[in-house]
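Novice: All chains should be built: construct the whole structure from the sequences, respecting the hints.
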Amino acid sequence: MSCPSFVPHDHAACRRDALSQAEALCAAEGARLTPIRRKVLEVLLKQPKSLGAYDILNQFAESGEPKQPPAIYRALDFLVERGLVHRLEKLNAYVACSCQGDSHVPAFLICRACDRVSEAPDITPRRLDAAAQTQGFRIERTVVEAVGLCEACAE
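Counting from 2, one number per residue, gives the positions in the sequence shown under this note's numbering.
If you are wondering where the hints come from, they were derived from the structure by calculation, not from laboratory data.
In this text, all values refer to a predicted model and were calculated from it rather than measured experimentally.
Careful, some of the hints might be misleading.
Claimed, not checked - Label-pair restraints from in silico Cβ distances:
no.	residue 1	residue 2	range
1	P36	T135	44 to 52 Å
2	V145	Y55	36 to 44 Å
3	Q69	C115	25 to 33 Å
4	E146	A72	36 to 44 Å
5	A29	C154	33 to 41 Å
6	L26	E66	22 to 30 Å
7	E152	A72	19 to 27 Å
8	E90	A114	17 to 25 Å
9	S64	I140	20 to 28 Å
10	V145	C115	16 to 24 Å
11	Q69	A131	17 to 25 Å
What the hints assert, rightly or not - Derived lysine-lysine pairs resembling DSSO-like cross-links, with alpha carbons at most 27 Å apart:
no.	residue 1	residue 2
12	K68	K91
13	K50	K40
14	K68	K50
15	K47	K68
16	K50	K91
17	K68	K40
18	K91	K40
19	K91	K47
Glycine included, C-beta positions come from ideal geometry on N, C-alpha and C.
Specialist: Structure follows, in structure tokens:
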């Protein structure tokens, strides 16, 4: 699934597809997509930009569902472990994965003006892998983040 943030599209359909895929993935793994985990994913899916844990916590408070920060962080950890959500290092924030179910190295395009984030599919850092191998280094996780201007902000 791909839901490009910078391109006009039916975002509601993307959200529905992502939730269905998340439910199927959790069921296949024998994991529970509990109400709080689902709600955290829904909050992230509604936003075209990344959110910090406290931003997500505020969304819960606005809907009358008070939660504690540890509950939000546990839900985020669960979602990140399953590849349903990614953590953006530069922003110390989270974004819903737009390529659920695909094994991939996430790469993110972050607009510095409007803070929208889009996941770029199929980015494979082959040269980094090769350099690591020659040095006997095993990469466990790679995050690629590109900061710039989206088309709307560049105009």
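Novice: Checking each numbered hint in turn, tell me which of them this model violates, lowest number first.
Specialist: 2, 4, 7, 9, 11
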